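Chains A and B, in that order, give the protein sequences. All the letters of the first sequence, read from the start, carry residue numbers 139 to 301 under our numbering. All the letters of the second sequence, read from the start, carry residue numbers 652 to 915 under our numbering.
Just so you know, these hints were derived from the structure itself, not from any lab. All figures in this text were calculated on a predicted structure; none of them were measured in a lab. Even for Gly, the Cβ is constructed at its ideal location relative to N, Cα and C.
Derived BS3-like pairs: lysine-lysine, alpha-carbon spacing no greater than 27 Å straight-line:
#: 1; chain 1: B; residue 1: Lys908; chain 2: B; residue 2: Lys841
#: 2; chain 1: A; residue 1: Lys193; chain 2: B; residue 2: Lys688
#: 3; chain 1: A; residue 1: Lys193; chain 2: A; residue 2: Lys283
#: 4; chain 1: B; residue 1: Lys675; chain 2: A; residue 2: Lys193
#: 5; chain 1: B; residue 1: Lys841; chain 2: B; residue 2: Lys819
#: 6; chain 1: B; residue 1: Lys819; chain 2: B; residue 2: Lys714
#: 7; chain 1: B; residue 1: Lys668; chain 2: B; residue 2: Lys707
#: 8; chain 1: A; residue 1: Lys193; chain 2: B; residue 2: Lys707
#: 9; chain 1: B; residue 1: Lys707; chain 2: B; residue 2: Lys675
To be clear about the criterion: a stretch of chain A counts as covered by chain B if any three or more of its residues have a C-beta under 8 Å from a C-beta of chain B, and this derived list gives those stretches:
#: 10; region: 151 to 159
#: 11; region: 198 to 204
#: 12; region: 242 to 251
#: 13; region: 259 to 273
Facing chain B, according to a computed beta carbon distance under 7 Å, are these residues of chain A, among others:
#: 14; residue: Thr180
#: 15; residue: Ser181
#: 16; residue: Val187
#: 17; residue: Lys193
#: 18; residue: Ala194
#: 19; residue: Val195
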Amino acid sequence: MAEITMTVNGRTVSGTCEDRTLLVQFIRENQGLTGTHVGCDTSQCGACVVHVDGKAVKSCTMLAAQANGSEVTTIEGLASGGELHPVQAAFREHHGLQCGFCTPGMIMTAVDMIRRHDGQLDEHTVRSELDGNICRCTGYHNIVKAILAAAEEMGGSAKVAAE
Amino acid sequence: MYATTYHRPASVDEAVKLASEEAKYLSGGQTLLPTMKQRLAAPSDLIDLRHIDALKGISVDGKHVRIGAACTHNEIANSDAISAVCPGFTYLAGHIGDPAVRHMGTIGGSIANNDPAADYPAALLALGATITTNSRTLSAEEFFTGMFETALEEGEMVTAVEFDAPEKSGYAKFRNPASRYAMTGVFVCKGADGSVGVGVAGAGADGAFRSPEMESALASNFAASALEGISIDPSGLMTDMHASAEYRANLIKVMGKRAVEQAG
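So here's chain A without its partners, still in its complex pose (with noise of 0.2 Å):
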């Protein structure tokens, strides 16, 4: 067995688990944070995409075991004082979503995306970054929107703060 001690969305956690448990399991199950999904659980879909010390992963491809000591950031650990994170928000402004199903692990790639190309990011771009995210009712045409629209806003925001 493995003892974990991470840190998750800020908080300190620790838990028992078998060395074979998956990251994704150890979030949903043993915390309880089920807002990261198993989609297709051969690491093609990115349902299960979370921030492993601040990159994006996909989680059922990693141990919990690997990830201990990690810093890990979960869908649910964007928001702040009941405020929807920019990417959040457009995904809901641009209605990128349909079931939702995709949802959060679009979102984490999203904001994975924006901050490696410093919120710099054009359709053809975010196209290709979405590479390993599926989605099966909307098409891409809203979530592409969605992203791009959060861009320009935390550029936007960026901007105004380093002045």
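Based on the hints, put chain B in the right spot on chain A.
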């Protein structure tokens, strides 16, 4: 996934001591963990190599590039130092899998697995790279021995990959749209001495290989048009549900031309 025991060694020596016939080294785990989930692999122990400092880091000294085995595809793709001397290589790394996979997957793990559809082997063969393990140094030609097979002995691990950057480099691949693996990928490079390397991924039934026909055609004229007249022999190429050997033979030529155009 069958039960396993996880280990996190801090040094190469400690990792090697944990190795056994039933154990496996775990690097990024982007192939090994899915394989274990499908119960196609059931190692008794997993030895995590991601916390060993000696396996980390990229250094570029003049034209000489050294990449630690535990460097992720994302670190390689975003290395300005490598990009300045060998842009074809960073382009290749930036087109493996998807962004989340690139944050975890490592060059050492990828080449130790030697998936016939993996990208790095084609580049390392074309570049005449050397692969350092905890016990020896091998040329890429010696290292890659067949489909999912390498010269690695039991308990031996890749510690670094090294090559001298060429004057020009380019990579083009035709991806399987579902798996994102290369159905065919071609890496081309031209050295300062005029020597040309062409490595092909995703097409060979025995894994990545060099293409002497394309190398000689490009040695006399390093231009996409030089590949116009050549024909690739489909014998020895893979046939599967995605493409026949003949289709892949044509893809090699098409991707080869695109890679040369990218190399400029």
